[in-house]
Amino acid sequence: MNAIERYSADFARIENALPGSSIGWLQDARRDALSRFAERGIPTTRDENWKYTDVSSLEKRALIAAPSPDRADAATLAASIERLALAAEYHLLVFVDGRYDRDLSWLGRLPAGATISSMAEVLERDPGLLEAHFAGEIWPHGAFGWLNTALAADGAVIHLEADTVVEQPVHLLFLATGSASAVHATNLIVAGNNAKVTVIEHYAGDDGATYFTNALTHIVIGENANVAHYKLQQESAKAFHIAGIHAKQAAHGRFASHSISLGAQLARNDISTYLAAGSHCELNGLYLADGRRHVDHHTRIDHAEPDATSSEVYRGILDGGARGVFNGKVVVHQDAQHTDAKQENHNLLLSKNAEIDTKPELEIYADDVKCTHGATIGQLDDAMLFYLRSRGLDEAAARSLLIYAFAHDIIDRMALQPLRKRLERQLIERLPLGSTEVSFSELLLDGQSGTGQ
Amino acid sequence: MLKVTNLQAKIDGKEILRGVDLEVRAGEVHAIMGPNGSGKSTLAQVLAGRENYEVTGGTVEYDGSDLLELAPEERARAGLFLAFQYPVEIPGVSNVYLLKAALNAVRKHRGEPELDAMDFLTLVKDKLKLVEISQEFLYRAVNEGFSGGEKKRNEILQMAVLEPRLAILDETDSGLDIDALKIVANGVNSLRSPDRAIIMVTHYQRLLDYIVPDFVHVLSDGRIVKSGGRELALELEERGYSWLEGDAQPAAQSGARAGAGS
Numbered sequence: 001m002n003a004i005e006r007y008s009a010d011f012a013r014i015e016n017a018l019p020g021s022s023i024g025w026l027q028d029a030r031r032d033a034l035s036r037f038a039e040r041g042i043p044t045t046r047d048e049n050w051k052y053t054d055v056s057s058l059e060k061r062a063l064i065a066a067p068s069p070d071r072a073d074a075a076t077l078a079a080s081i082e083r084l085a086l087a088a089e090y091h092l093l094v095f096v097d098g099r100y101d102r103d104l105s106w107l108g109r110l111p112a113g114a115t116i117s118s119m120a121e122v123l124e125r126d127p128g129l130l131e132a133h134f135a136g137e138i139w140p141h142g143a144f145g146w147l148n149t150a151l152a153a154d155g156a157v158i159h160l161e162a163d164t165v166v167e168q169p170v171h172l173l174f175l176a177t178g179s180a181s182a183v184h185a186t187n188l189i190v191a192g193n194n195a196k197v198t199v200i201e202h203y204a205g206d207d208g209a210t211y212f213t214n215a216l217t218h219i220v221i222g223e224n225a226n227v228a229h230y231k232l233q234q235e236s237a238k239a240f241h242i243a244g245i246h247a248k249q250a251a252h253g254r255f256a257s258h259s260i261s262l263g264a265q266l267a268r269n270d271i272s273t274y275l276a277a278g279s280h281c282e283l284n285g286l287y288l289a290d291g292r293r294h295v296d297h298h299t300r301i302d303h304a305e306p307d308a309t310s311s312e313v314y315r316g317i318l319d320g321g322a323r324g325v326f327n328g329k330v331v332v333h334q335d336a337q338h339t340d341a342k343q344e345n346h347n348l349l350l351s352k353n354a355e356i357d358t359k360p361e362l363e364i365y366a367d368d369v370k371c372t373h374g375a376t377i378g379q380l381d382d383a384m385l386f387y388l389r390s391r392g393l394d395e396a397a398a399r400s401l402l403i404y405a406f407a408h409d410i411i412d413r414m415a416l417q418p419l420r421k422r423l424e425r426q427l428i429e430r431l432p433l434g435s436t437e438v439s440f441s442e443l444l445l446d447g448q449s450g451t452g453q
Numbered sequence: 001m002l003k004v005t006n007l008q009a010k011i012d013g014k015e016i017l018r019g020v021d022l023e024v025r026a027g028e029v030h031a032i033m034g035p036n037g038s039g040k041s042t043l044a045q046v047l048a049g050r051e052n053y054e055v056t057g058g059t060v061e062y063d064g065s066d067l068l069e070l071a072p073e074e075r076a077r078a079g080l081f082l083a084f085q086y087p088v089e090i091p092g093v094s095n096v097y098l099l100k101a102a103l104n105a106v107r108k109h110r111g112e113p114e115l116d117a118m119d120f121l122t123l124v125k126d127k128l129k130l131v132e133i134s135q136e137f138l139y140r141a142v143n144e145g146f147s148g149g150e151k152k153r154n155e156i157l158q159m160a161v162l163e164p165r166l167a168i169l170d171e172t173d174s175g176l177d178i179d180a181l182k183i184v185a186n187g188v189n190s191l192r193s194p195d196r197a198i199i200m201v202t203h204y205q206r207l208l209d210y211i212v213p214d215f216v217h218v219l220s221d222g223r224i225v226k227s228g229g230r231e232l233a234l235e236l237e238e239r240g241y242s243w244l245e246g247d248a249q250p251a252a253q254s255g256a257r258a259g260a261g262s
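Here the protein sequences line up with chains V and G, keeping their order.
Residue 175 in the working numbering sits at position 175 of the first sequence; the count goes up by one each step and never skips.
Residue 2 in the working numbering sits at position 2 of the second sequence; the count goes up by one each step and never skips.
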């Protein structure tokens with residue numbers, strides 16, 4: 001059986017068990033999505049967009065959605081959540097192997113115009129809220145996007161009426177226990193005019209578990225609305241992770257996307273946004289990979305109307321035989337005069353066998369615009385290492401400090417303190433450190449307060 | 001304290017030091033002068049342990065041990081400090097982190113307890129005054145976006161915090177206006193003490209008006225060709241370096257003479 005046959009059989013098997021299976025427009029959308037997936041099939045390296053990312057290993061494995069995953073035991077789950085939660089005051093929606101778990105989740109007080117729930121629950125109570133978002137080709141979809149729409153059993157819905165502000169960040173925690181071999185999660189974030197929310201989309205898996213996460217997040221940002229989105233990928237080292245995050249910004253809407261990729265054997269992120277007049281987006285990313293791991297970010301920013309600004313900074317650190325891919329496309333449409341677009345990608349290669357393919361792409365059809373881009377690839381700087389060592393830091397500590405500083409540039413762009421602290425700690429755990437370890441790690445951690453930012 | 005004997009070094013196959021002899025004792029200030037390309041900066045970098053240079057001959061004894069056997073960080077912890085000619089910019093690492101890490105590495109080596117944040121800050125604030133740097137400086141990335149003068153003052157600040165036994169100042173005067181030069185000189189002079197030695201590498205004698213050396217050596221084509229007292233610098237100022245070229249005395253002899261003069 002090839003992948004198309006396998007996923008088609010999977011769909012036939014679970015179709016009637018999917019939430020909202022009695023809703024006509026939804027089943028139509030799912031069947032339509034499956035046929036579009038079947039037309040395309042799993043991409044190969046002959047596809048321009050997948051030139052450097054070979055997903056044939058995924059094709060070979062029979063990673064299909066499990067109809068009703070066995071529950072991991074409660075104590076194990078609770079311990080994982082305790083470890084992964086970021087702050088007690090954050091709203092927390094926990095999805096275990098792709099299914100919302102109300103008992104493990106915690107929602108604080110929400111303003112009247114806010115709906116924060118799971119896809120399955122919303123399909124029971126208020127399916128109309130979702131209909132427009134399942135309609136045909138309003139979103140950029142690749143093969144995995146269509147597969148997601150066909151098979152997704154759950155995900156989060158964050159729906160804010162105009163002028164609704166959700167004060168505390170919403171933490172979506174997708175926990176893979178390894179008992180389901182594939183999870184297709186669909187998330188929808190809608191911020192009405194002047195609405196505001198921060199969302200953390202967090203994927204984590206048990207060590208050693210092999211599974212496939214296929215996530216798709218759609219974000220609708222109304223006029224003057226403000227959405228900050230953090231994606232934290234710390235899947236098991238054997239996992240496959242493929243995710244799409246696609247936003248549409250109305251006039252003067254603001255969108256910040258931070259994509260942190262730490263885990264998985266193969267991770268691919270497609271992140272896009274569409275900018276209307278006077279809107280602003282910021283796309284930041286940090287990817288770390290070692291061993292034989294592969295991490296790929298494809299981003300696309302469409303400046304469709306005048307006076308919008310975009311700023312993009314991605315940084316990667318690759319060690320061992322790891323491979324990174326960065327492809328950042330900025331399209332400035334004919335009407336988008338006074339566009340200001342900046343893009344940077346910097347890569348640190350820590351071993352001879354690590355590899356990065358980086359490609360900034362600018363397509364400009366307007367004449368009065370300011371666009372810059374730059375990409376760098378380098379090793380740790382000898383002069384910097386010597387300077388630090390000449391001040392008494394041993395070589396491992398000097399290397400660590402430079403790697404940390406390189407990555408911290410991205411962490412510095414994040415507003416959420418608990419997330420920053422978490423990432424700083426995770427970063428330090430991965431550094432070579434050296435004999436000045438104790439004072440060194442302390443030095444890094446108290447760094448934030450010291451900078452006075 | 002430091003005894004350099006017939007030191008030879010090359011970089012990228014090119015011989016730069018061709019047998020340097022130099023002896024420096026505690027309490028002394030030595031100036032090493034010479035034309036561009038004579039090997040002054042190479043000597044400073046080799047003493048600090050820069051691995052780009054290959055030492056092909058000779059010995060360096062520092063406080064009775066073989067300096068060349070030590071890694072750069074071990075030399076630093078043993079009290080050797082190099083003020084760089086071109087201080088390196090390190091984005092993302094703030095001055096205060098580096099100062100604290102450096103000081104604690106040195107203290108640990110000396111068997112002293114690490115300073116806590118309060119004591120450390122008190123110490124640093126004191127040293128900031130010495131080099132007339134504002135406290136805001138501490139929280140900027142190391143040397144990033146600093147002017148030439150700020151970078152040199154920052155080197156002196158690090159030196160003042162680390163209190164080395166042997167300080168090597170590599171062209172610390174280059175690119176400084178007269179006010180900055182006075183501040184830097186003042187910082188260096190305040191560190192002069194009977195148990196500390198200073199080696200100044202410089203092209204011009206201007207710095208020596210402010211930091212008066214006990215000995216002046218002329219390095220030319222990888223060897224010390226002449227050694228003398230303070231007056232040698234003035235003579236060089238007047239006559240340039242060319243009269244010394246081809247006038248190389250046996251290096252070991254000049255080194256011995258410098259030592260004998262103390």
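Some hints here could point you the wrong way.
What the hints assert, rightly or not - So, partial list: chain V residues that the calculated Cβ filter (under 10 Å) puts toward chain G: (1) Glu39; (2) Glu167; (3) Asp340; (4) Arg389; (5) Ser390; (6) Arg391; (7) Gly392; (8) Ala397; (9) Ala398; (10) Leu402; (11) Tyr404; (12) Asp409; (13) Asp412; (14) Met414; (15) Pro418.
To be verified - Taking CB as the label site, the calculated pair distances span: (16) Leu234/G with Gly374/V: 48 to 58 Å; (17) Gly374/V with Asp177/G: 54 to 64 Å; (18) Arg110/G with Asp103/V: 38 to 48 Å; (19) Asn186/G with Gln379/V: 52 to 62 Å.
To be verified - Dumping the calculated DSBU-like pairs for lysine-lysine here, alpha-carbon to alpha-carbon at most 30 Å: (20) Lys10/G with Lys421/V; (21) Lys352/V with Lys14/G; (22) Lys238/V with Lys421/V; (23) Lys125/G with Lys352/V; (24) Lys421/V with Lys51/V; (25) Lys108/G with Lys129/G; (26) Lys238/V with Lys342/V; (27) Lys60/V with Lys238/V; (28) Lys51/V with Lys196/V; (29) Lys125/G with Lys421/V.
In short, the hints are calculated from the structure, not lab data.
From the three backbone atoms N, C-alpha and C, an ideal C-beta is built for every residue, glycine too.
These are the hints, each one checked on the structure:
For Glu39/V, the suggested interface contact is broken, since its CB lies about 47 Å from the closest CB of chain G, more than 10 Å. Interface hint at Glu167/V: violated, since its Cβ lies 30 Å from the closest Cβ of chain G, which is beyond the 10 Å cut-off. Annotation: Asp340/V was flagged as interfacial toward chain G, and the flag is violated, the nearest CB pair being 23 Å apart, outside 10 Å. Contact between Arg389/V and chain G, as hinted, is supported at the beta carbon level, the nearest pair being about 4 Å apart and thus within 10 Å.
Interface hint at Ser390/V: satisfied, since its Cβ lies 5 Å from the closest Cβ of chain G, which is below the 10 Å cut-off. Below 10 Å, beta-carbon pairs count as interface contacts, and Arg391/V has one with chain G at about 4 Å; its hint therefore holds. Because the smallest distance between the Cβ of Gly392/V and any Cβ of chain G comes to about 4 Å, under 10 Å, the interface hint for this residue holds. Hint status for Ala397/V relative to chain G: holds, with the closest Cβ pair at about 7 Å, below 10 Å.
At about 8 Å, the closest approach between the beta carbon of Ala398/V and any beta carbon in chain G falls short of 10 Å, and the interface hint on this residue holds. With 10 Å as the threshold, the beta carbon of Leu402/V comes within range of chain G, its nearest partner Cβ sitting at about 7 Å, so the hint holds. Look at Tyr404/V: its Cβ gets to within about 8 Å of chain G, closer than 10 Å, so that hint holds up. Contact between Asp409/V and chain G, as hinted, is supported at the beta carbon level, the nearest pair being about 6 Å apart and thus within 10 Å.
A distance limit of 10 Å between C-beta atoms decides the matter here; for Asp412/V the minimum to chain G is near 8 Å, and the interface restraint holds. A hinted interface residue such as Met414/V counts as satisfied when its beta carbon comes closer than 10 Å to some beta carbon of chain G; here the least separation is about 15 Å, so the hint is violated. Interface restraint check for Pro418/V: the shortest CB-CB distance to chain G comes to about 21 Å, outside 10 Å, so the restraint is violated. The hinted range of 48 to 58 Å is satisfied by Leu234/G and Gly374/V, whose Cβ atoms lie roughly 51 Å apart.
Take Gly374/V and Asp177/G: their Cβ atoms lie about 34 Å apart, and the range 54 to 64 Å is violated. For Arg110/G and Asp103/V, the hinted distance range of 38 to 48 Å is not satisfied, since their beta carbons lie about 57 Å from each other. The hint said 52 to 62 Å for the Cβ distance between Asn186/G and Gln379/V, and at roughly 39 Å that hint is violated. Proposed proximity of Lys10/G and Lys421/V is contradicted: the alpha carbons are some 46 Å apart, above 30 Å.
In summary, the hint linking Lys352/V to Lys14/G is supported, as the alpha carbons are separated by about 27 Å, within the 30 Å threshold. Proposed proximity of Lys238/V and Lys421/V is supported: the alpha carbons are some 26 Å apart, at most 30 Å. Restraint check: the Cα-Cα separation between Lys125/G and Lys352/V comes to about 43 Å, which exceeds 30 Å; the hinted pair is violated. The suggested pairing of Lys421/V with Lys51/V is violated, with an alpha-carbon distance near 36 Å, which exceeds 30 Å.
Restraint check for Lys108/G and Lys129/G: satisfied, since their Cα atoms lie roughly 26 Å apart, inside the 30 Å limit. A distance of roughly 35 Å separates the Cα atoms of Lys238/V and Lys342/V; the hinted pair therefore is violated under the 30 Å criterion. Only pairs whose Cα atoms come within 30 Å are accepted, and Lys60/V paired with Lys238/V is accepted, the gap being roughly 15 Å. Pair hint Lys51/V plus Lys196/V does not hold up; C-alpha atoms about 37 Å apart against a cutoff of 30 Å.
Proposed proximity of Lys125/G and Lys421/V is supported: the alpha carbons are some 28 Å apart, at most 30 Å.
Hints 1, 2, 3, 14, 15, 17, 18, 19, 20, 23, 24, 26 and 28, counting from the list given before, are not met by this structure.
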